[in-house]
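Everything in the sequence shown is counted per our numbering, starting at 1 for the first residue and increasing by one.
For the record, the hints were derived by calculation from the structure and aren't laboratory data.
Each hint should be verified, as a subset may be incorrect.
[What the hints assert, rightly or not] Here are the simulated lysine-lysine pairs, DSS-like style, with alpha carbons at most 30 angstroms apart:
1. Lys4 x Lys67
2. Lys37 x Lys49
3. Lys67 x Lys48
4. Lys52 x Lys67
5. Lys67 x Lys53
6. Lys37 x Lys53
7. Lys56 x Lys39
8. Lys33 x Lys4
9. Lys39 x Lys52
10. Lys53 x Lys4
11. Lys63 x Lys53
12. Lys63 x Lys52
13. Lys53 x Lys33
14. Lys49 x Lys63
15. Lys4 x Lys63
16. Lys37 x Lys48
17. Lys4 x Lys56
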Amino acid sequence: MSVKVEGGGHHGQAEAIQHGIARALVEWDEDFKPTLKAKGYLTRDSRKKERKKYGKRKARRSKQWRKR
1 MSVKVEGGGH HGQAEAIQHG IARALVEWDE DFKPTLKAKG YLTRDSRKKE RKKYGKRKAR
61 RSKQWRKR
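Given the sequences, and given the hints that come with them, work out the whole structure.
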């Protein structure tokens, strides 16, 4: 089996492949669904990169504050 993925890091790509294979197995045979769902393979990781806010260096990192 060969899989092509783009973007993200090694761990994110591995999880995307795992999720895709799990969905393909369920589409092929519905009997896999309870087992894969119990293991959490059918749930997509919904975490996304937080957007940068104005007035800050990054999403949450503030500009360096100088006392004097």
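Tested hints:
Restraint check for Lys4 and Lys67: the C-alpha separation of about 51 angstroms exceeds 30 angstroms, so the hint is violated. In summary, the hint linking Lys37 to Lys49 is supported, as the alpha carbons are separated by about 26 angstroms, within the 30 angstroms threshold. Taken as a hint, the Lys67 and Lys48 pair is broken in the structure, with Cα atoms around 35 angstroms apart against an allowance of 30 angstroms. As the CA atoms of Lys52 and Lys67 are separated by approximately 25 angstroms, the hinted pair is consistent with the 30 angstroms bound.
For the hint linking Lys67 to Lys53, the alpha-carbon distance of about 23 angstroms falls within 30 angstroms, and the restraint holds. Distance hint between Lys37 and Lys53 is unfulfilled; the C-alpha atoms sit about 36 angstroms from each other, more than 30 angstroms. In summary, the hint linking Lys56 to Lys39 is not supported, as the alpha carbons are separated by about 39 angstroms, beyond the 30 angstroms threshold. Between Lys33 and Lys4 the alpha-carbon distance is near 24 angstroms, which keeps this suggested pair within the 30 angstroms criterion.
The straight-line distance between the Cα atoms of Lys39 and Lys52 is roughly 34 angstroms, outside the 30 angstroms bound, and the hint therefore fails. For the proposed pair Lys53 and Lys4, the alpha carbon gap of about 33 angstroms is over 30 angstroms, so the pair is violated. A threshold of 30 angstroms between alpha carbons decides the hint, and for Lys63 with Lys53 the separation of about 12 angstroms falls inside it, so the pair holds. Of the supplied pair hints, the one linking Lys63 and Lys52 holds, its CA atoms being roughly 13 angstroms apart against a limit of 30 angstroms.
With a C-alpha separation of about 41 angstroms, the suggested pairing of Lys53 with Lys33 is violated against the 30 angstroms cut-off. For the proposed pair Lys49 and Lys63, the alpha carbon gap of about 20 angstroms is at most 30 angstroms, so the pair holds. Straight-line distance between C-alpha atoms of Lys4 and Lys63 comes to about 40 angstroms, which puts the hinted pair past the 30 angstroms bound. Between Lys37 and Lys48 the CA atoms are separated by roughly 22 angstroms; this keeps the pair inside 30 angstroms, and the hint holds.
Of the supplied pair hints, the one linking Lys4 and Lys56 is violated, its CA atoms being roughly 36 angstroms apart against a limit of 30 angstroms.
In terms of the numbered hints stated before, the structure departs from hints 1, 3, 6, 7, 9, 10, 13, 15 and 17, listed from lowest to highest.
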